[in-house]
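> These protein sequence lines map, in sequence, to chains A and B.
Those letters in the first sequence? Residues 152 to 189, by this note's numbering.
Those letters in the second sequence? Residues 411 to 891, by this note's numbering.
Worth flagging that the hints you see were computed from the coordinates, not collected in a lab.
Only a predicted model underlies this, so the values are computations on that prediction, with no experimental measurement involved.
The beta carbon of each residue, even a glycine, is placed where N, CA and C say it ideally should be.
It is possible that some hints are incorrect.
Computed Cβ-Cβ distance ranges for the label pairs, DEER-style [as the list claims (entries may be wrong)]:
| # | chain 1 | residue 1 | chain 2 | residue 2 | range |
| --- | --- | --- | --- | --- | --- |
| 1 | A | 157 | B | 571 | 29 to 37 Å |
| 2 | A | 165 | B | 510 | 54 to 62 Å |
| 3 | B | 667 | A | 158 | 51 to 59 Å |
| 4 | A | 184 | B | 767 | 37 to 45 Å |
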Amino acid sequence: MKITPRDRFWMNFKLYQLWRFIVLNLKILKAIDHSKRS
Amino acid sequence: MTKILIAGAGFAGHTAALYLGHYLGKEHEITVVNRFPYFGFVPSWVWVGVGHMKPEKTTIPLEPVYRRKHVRFVLGAVTEVHPDAGEQYVLVEQGEGEKKETRRLDYDYLVIATGPKLNFEATPGLGPHGGYTHSICSLPHAVQTRDAYLELVKRMEKGEQIKIVVGTGHPGATCQGAAVEYISNIHKDLVKRGLRQRADLLYLSNEPALGDFGIGGVQARYKGQLLSSEEFMAALFEDFGIRWQVRTAVKKVEPGKIVWENAEGENGETPFDFAMLIPQFKGQPIRYVGKNGNDLASKLTNAAGFVLVDGIYGLSYDVLRRNPDAWPSVYQNPDYPNIFAAGIAFAPPGPISQPLVTPNGTNITAAPPRTGMVSGIMGRLVALNIVDLVKKGRMTHSERMSEMFAACIASMGDSLWDGQAAVIVVQPVVPDRRRYPNEAGRDLFSTHMEVGTSGAWMKLLIHYTFMYKFHGWPLWRIIPE
Numbered sequence: 152m153k154i155t156p157r158d159r160f161w162m163n164f165k166l167y168q169l170w171r172f173i174v175l176n177l178k179i180l181k182a183i184d185h186s187k188r189s
Numbered sequence: 411m412t413k414i415l416i417a418g419a420g421f422a423g424h425t426a427a428l429y430l431g432h433y434l435g436k437e438h439e440i441t442v443v444n445r446f447p448y449f450g451f452v453p454s455w456v457w458v459g460v461g462h463m464k465p466e467k468t469t470i471p472l473e474p475v476y477r478r479k480h481v482r483f484v485l486g487a488v489t490e491v492h493p494d495a496g497e498q499y500v501l502v503e504q505g506e507g508e509k510k511e512t513r514r515l516d517y518d519y520l521v522i523a524t525g526p527k528l529n530f531e532a533t534p535g536l537g538p539h540g541g542y543t544h545s546i547c548s549l550p551h552a553v554q555t556r557d558a559y560l561e562l563v564k565r566m567e568k569g570e571q572i573k574i575v576v577g578t579g580h581p582g583a584t585c586q587g588a589a590v591e592y593i594s595n596i597h598k599d600l601v602k603r604g605l606r607q608r609a610d611l612l613y614l615s616n617e618p619a620l621g622d623f624g625i626g627g628v629q630a631r632y633k634g635q636l637l638s639s640e641e642f643m644a645a646l647f648e649d650f651g652i653r654w655q656v657r658t659a660v661k662k663v664e665p666g667k668i669v670w671e672n673a674e675g676e677n678g679e680t681p682f683d684f685a686m687l688i689p690q691f692k693g694q695p696i697r698y699v700g701k702n703g704n705d706l707a708s709k710l711t712n713a714a715g716f717v718l719v720d721g722i723y724g725l726s727y728d729v730l731r732r733n734p735d736a737w738p739s740v741y742q743n744p745d746y747p748n749i750f751a752a753g754i755a756f757a758p759p760g761p762i763s764q765p766l767v768t769p770n771g772t773n774i775t776a777a778p779p780r781t782g783m784v785s786g787i788m789g790r791l792v793a794l795n796i797v798d799l800v801k802k803g804r805m806t807h808s809e810r811m812s813e814m815f816a817a818c819i820a821s822m823g824d825s826l827w828d829g830q831a832a833v834i835v836v837q838p839v840v841p842d843r844r845r846y847p848n849e850a851g852r853d854l855f856s857t858h859m860e861v862g863t864s865g866a867w868m869k870l871l872i873h874y875t876f877m878y879k880f881h882g883w884p885l886w887r888i889i890p891e
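Let's have the full structure, built from the sequences with the hints guiding it.
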């Protein structure tokens, strides 16, 4: 793997990152739900 | 009235105190003993260490929180535990110098969540107390490190070329994630100051591979293919211009020089102007005393001073990695069932990462991380089980680290505009190759890695939501650990 200028663009592109922020939060909530959570 | 005593108010102890106060505080006696009058939000100390966050933004005074939650707070350090039936109590040392006094506190249930003793003494020349390196493992250390770093920046502004080394200072150290965050934040800070070309950054670690983090690395789907955390971190460090050297045991530190041995048995020296190296963690120096004054340490702790719980100890690495059930599920001492341990204080049954032994016999093994989220989960679990024991007489909660999910958000610059963070989600923390019969032993749907500005937003969101939770303000319980 190598970080390309294209990767760097997407890593900082705010609209895309807002989408990733939502997805990551959902992913973590899903993982919490999926986890045993005693 | 049941007396519940919690030793330590870090992630595990403070979480346990909040839950116990909520469920039992009004009818029973809950006491927290802590060496500091505040709770420290450790994950944000990487920002304190580069001068990007004020120290007071990472702390919460404990007394007002506990007053609202019907929890008694005692400032001091637990020095002795007397666990034998009949008279179960701890001795707490309070004050300093001539004002030092010892106080006895009785308990029916004891939660040991004292965090680690930072064992700088295990590596000659390590640490800020008489050594030559810095640390961000406590708030006073992070503040000291920040001051030293800002002095260094002044030297760079004058045109000096500087060598910075960040990593682990002992072959058995853990918390590599914090070192990765700290060096990445130094990189971003120097880029912003226009001084990056004046610094050579080296990440020096005991991990068997870059991106191992003491959990045996992570494999996750990235752009449709399986990517290892080693490739992921290597790409990021290459992009940042950070050099790395892993599989390395720091043997000693001399002024301006780190002496090391690597897994291949080669010895070497690395010069530095500024180094932040994480020490070995050991259990807090607590004496466990029997009824007749006999030493009970062998029943309650392992050789490093961590508290033995319901895990299976003494397994070889190869057996342990195939046996996820060897990891403790309720964090209860088998000989003293009213003693629990959570967070760094509990003794893990062994390493998650591949141990390495050099041809000269030096053991290089990244210890399992059990900080932050993992500690919080254990604190909640232990608290809920004590609530069960008090109310129903039996425990109903359990969660092994081989069942536990964790999210690690490694800050790589704190700016909301151009900061970044690597978001690493693992399910479970300890690979379970029975439940997930793939090479990684993890759920490849939930396990995830990515880097971007969204990570920096998440890191800041986590800082504020957790500070809210740890204040015990309304609806704090809906925020997950």
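> Each hint needs a verdict: does it hold in this structure or not?
Evaluation of the provided hints:
1. A/157 with B/571: 29 to 37 Å: 33 Å, holds
2. A/165 with B/510: 54 to 62 Å: 55 Å, holds
3. B/667 with A/158: 51 to 59 Å: 37 Å, violated
4. A/184 with B/767: 37 to 45 Å: Given a distance of about 41 Å, which is inside 37 to 45 Å, the answer is holds.
Hint check: a violation occurs at hint 3 only; the rest are consistent with the structure.
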